[in-house]
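Visitor: Following the hints, complete the assembly by docking chain A onto the known chain H.
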Amino acid sequence: MKPIEPLLTVASPPHVHCGRTFKGMTLETILALMPAAIMAVWHFGLPAARVMLLSCAVAVLTEAVCWKAIKRRSAVDDGTAVLIGLFYAFLLPASAPWWLVVSGAAASIILGKMIFGGNGGNPLGAALVGWTTCRISWGTFMDPYTTMLDSPLRAPLHELHYFGLQAVSDISATNMLLGEQIGGLGAAQSGAILLGGLYLLSRRIIRPEIPVAFIGGIALAALVFQLTGDGTNASATFHLIGGGTLFGAFFLATDPAPSPVLPVPMIAYGLMGGILTMLIRQYGMYPDAVPFALLLAQLATPLLERIAPKPFGTGRVKA
Amino acid sequence: MKRLALDHTARMHVTNAIYSRITGRMTMDRYDFRLGTLDTGPLGTIPTPPLLRVGLECHDPVVAAGDEVLTGTRIASSTRAGTGDLHSGVSGTVEAVTDTFIEIRTTGTKTVERESVPSDSPELLKWLARMGMNTASIRTAPLLIVNAVPPEPGHGIFAPLMNDHRKAVELGLETIKNIVQPSRTVLAAAKGTKVVAFADCSVTFVPARHPYGMAPMVIRAVTGEEPVNGTPPTSACIVTLEDLYIAGRIVESGRPYTNVICQLGQRAAMVPLGTTAATLLAETGTTASQGDRIVFGGLMTGSTACNLEQGTDKRTNAVHVVPEGLFMHSGDSACVGCGECARRCPSRVRPDLLSKASEFKLFERCEGYNIFSCMECGICGYFCPTRRPILQYIRLAKQEITLLKGACEIEEAPAS
Numbered sequence: 001m002k003p004i005e006p007l008l009t010v011a012s013p014p015h016v017h018c019g020r021t022f023k024g025m026t027l028e029t030i031l032a033l034m035p036a037a038i039m040a041v042w043h044f045g046l047p048a049a050r051v052m053l054l055s056c057a058v059a060v061l062t063e064a065v066c067w068k069a070i071k072r073r074s075a076v077d078d079g080t081a082v083l084i085g086l087f088y089a090f091l092l093p094a095s096a097p098w099w100l101v102v103s104g105a106a107a108s109i110i111l112g113k114m115i116f117g118g119n120g121g122n123p124l125g126a127a128l129v130g131w132t133t134c135r136i137s138w139g140t141f142m143d144p145y146t147t148m149l150d151s152p153l154r155a156p157l158h159e160l161h162y163f164g165l166q167a168v169s170d171i172s173a174t175n176m177l178l179g180e181q182i183g184g185l186g187a188a189q190s191g192a193i194l195l196g197g198l199y200l201l202s203r204r205i206i207r208p209e210i211p212v213a214f215i216g217g218i219a220l221a222a223l224v225f226q227l228t229g230d231g232t233n234a235s236a237t238f239h240l241i242g243g244g245t246l247f248g249a250f251f252l253a254t255d256p257a258p259s260p261v262l263p264v265p266m267i268a269y270g271l272m273g274g275i276l277t278m279l280i281r282q283y284g285m286y287p288d289a290v291p292f293a294l295l296l297a298q299l300a301t302p303l304l305e306r307i308a309p310k311p312f313g314t315g316r317v318k319a
Numbered sequence: 001m002k003r004l005a006l007d008h009t010a011r012m013h014v015t016n017a018i019y020s021r022i023t024g025r026m027t028m029d030r031y032d033f034r035l036g037t038l039d040t041g042p043l044g045t046i047p048t049p050p051l052l053r054v055g056l057e058c059h060d061p062v063v064a065a066g067d068e069v070l071t072g073t074r075i076a077s078s079t080r081a082g083t084g085d086l087h088s089g090v091s092g093t094v095e096a097v098t099d100t101f102i103e104i105r106t107t108g109t110k111t112v113e114r115e116s117v118p119s120d121s122p123e124l125l126k127w128l129a130r131m132g133m134n135t136a137s138i139r140t141a142p143l144l145i146v147n148a149v150p151p152e153p154g155h156g157i158f159a160p161l162m163n164d165h166r167k168a169v170e171l172g173l174e175t176i177k178n179i180v181q182p183s184r185t186v187l188a189a190a191k192g193t194k195v196v197a198f199a200d201c202s203v204t205f206v207p208a209r210h211p212y213g214m215a216p217m218v219i220r221a222v223t224g225e226e227p228v229n230g231t232p233p234t235s236a237c238i239v240t241l242e243d244l245y246i247a248g249r250i251v252e253s254g255r256p257y258t259n260v261i262c263q264l265g266q267r268a269a270m271v272p273l274g275t276t277a278a279t280l281l282a283e284t285g286t287t288a289s290q291g292d293r294i295v296f297g298g299l300m301t302g303s304t305a306c307n308l309e310q311g312t313d314k315r316t317n318a319v320h321v322v323p324e325g326l327f328m329h330s331g332d333s334a335c336v337g338c339g340e341c342a343r344r345c346p347s348r349v350r351p352d353l354l355s356k357a358s359e360f361k362l363f364e365r366c367e368g369y370n371i372f373s374c375m376e377c378g379i380c381g382y383f384c385p386t387r388r389p390i391l392q393y394i395r396l397a398k399q400e401i402t403l404l405k406g407a408c409e410i411e412e413a414p415a416s
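Chains H and A supply the protein sequences, listed in that same order. Just so you know, we're using the numbering used here here: the first sequence kicks off at 1 and counts up by one. Just so you know, we're using the numbering used here here: the second sequence kicks off at 1 and counts up by one.
Just chain H, same shape as in the assembly (with noise of 0.2 Å):
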């Protein structure tokens, strides 16, 4: 038989793609963390630049050994592992221990990521679960407010969990915008988080129902605590710039995998996670509860997923 020249492609439809590649999105994804990573570095100086990075490096390499472990072909060029070790930098205090960001860098990718085979087959967000490992186990050394008595910031929600809604009105709220704050070291600067993700919405990396409805379930729920308390309870602008609620709405909830995909259930999946903040704000034990929350509303994707259309054909009734 004669060979077959030219030797064509033959490939199933659709012959053409819109462009865009799951790490470029990454990569965009990480540049949009960017202002809140420098605003860190000029807030907490080389602590903060020696925390993020060693994070990051610590995951790329979890995740170059895991892939050579299970023998599969290496997908560690695709940027993920950077994001999620930069996303759990952003969650520790600038002035965690180096075994502290290992153990939650390599925890966050084993645990988050690779024992669920890789990307998309996570249920919950990799950096929370490290996060949370951590959290549980460490939670003295995890803790901002503890770890970093030395700093002549303040820690709004922390001081509002303690010491009650006197103690933290003399703090201003272009303060905590510009991330003069206590918290996770960049996801504290809510200015500059606001900025990256308003920088993904417009790029469509993002889709807003997740994060406005995070917002939104934050600032429903803080009002309601408003009206109905005894004055005590902040306002809803005071828990949406205070630690790292924004970091939360546009960047951890948004993960592709563990969040659902449809608009509705979008919606849900947000409010859920903005109602359980601020529920274990009021009444539980941890002053920023965001991680918790999500992984909460994360647990809960596959039963908020069972709201869909019915597919085509199949019982719309007749217009």
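Hints are computed from structural coordinates only; laboratory data are not their basis. Glycine included, C-beta positions come from ideal geometry on N, C-alpha and C. What you were told as hints is all true, and nothing was included just to trick you.
Here are the simulated DSBU-like pairs of lysine-lysine, each with C-alpha atoms no more than 35 Å apart in a straight line:
1) A:191 / H:310
2) A:361 / H:71
3) A:405 / H:310
4) A:194 / A:177
5) A:361 / A:405
6) H:310 / A:361
Covered by chain H, according to a simulated footprint, are these stretches of chain A (three or more residues, beta-carbon under 8 Å):
7) 325 to 332
8) 345 to 356
Guide: Quick look at chain A alone, frame taken from chain H:
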């Protein structure tokens, strides 16, 4: 996508894609989903091709190698109701008959004798199928929908049919009406396009965007009823404008219809059924080199030719060359769960879950996800950032489920 320096001809034939002014390369993210934007001008013809290769789908050949055939001689009969027989598009000698194709070399210009048109409608329908028309979608119904919406972006052959071949189209409509016996006829057209309605026929406009030109979407737009792909709608019969033209031509001439209307670059031409890709590319002044895709049909739903000798089939309404480096390279990359496909799916199924289940051979699960609602518009694969071959996974699952049920071995032909 790798960067490519493209010559002018290569750009010509990937119609409808826009080239970035900065890098000079094609940016598929600007692919134009609008329908009916292309002006092909009047319908042309091509010189008689020296060789035809007519593909056999569900046909038994009725000629042997060495036989002399005329233009219009039946060369294979259909084994499935509703699928038309195959006829030679040229007058010549049968060179080869294999399991998958019949090859004919052109030697003359003689045409078969005219046949008389049967008068009663069931006989007429069978006769049309014998004359080469696919009649699967035609049956008695209270509503006849004439789909004049281009099935895909970059498809522009309906306008010349509507304007320049009015007589054949109207004769075809009369013939089809005779069979369908509708109480109402609706012409569906894309918003913003010029239509000249037929007598006793109302016009429904649908959004001029892919996938609104696909048969299930048009049926929904006209009737409000959603047919599941593969099953005929209960209250309506849908035919395309091209079907009307084919029926009209057959009745008018009394001879088999042996052409396909095919878009070649910016123009549309009648080409004999089975014209090889090589002939068509030569006709358009394009070449295909190692690794390129030759697409028969539109870029969103068309199929690729496996070699230059492959002939056009009855669904080939366009020929494109997509140069290597300009199409997406699919791989076995994992689904990351971004949901782009699910949010854009016009069938409201979950291509992400379907492709994942199909990937792991969980075909029963695919059925639970309503896989047969999928109308194969290709939008999921277009938007997938990890470039998974989603439609391929879905087609595999559909095929496997059909096989499991023991229904048939060949994939059903599209509804229209």
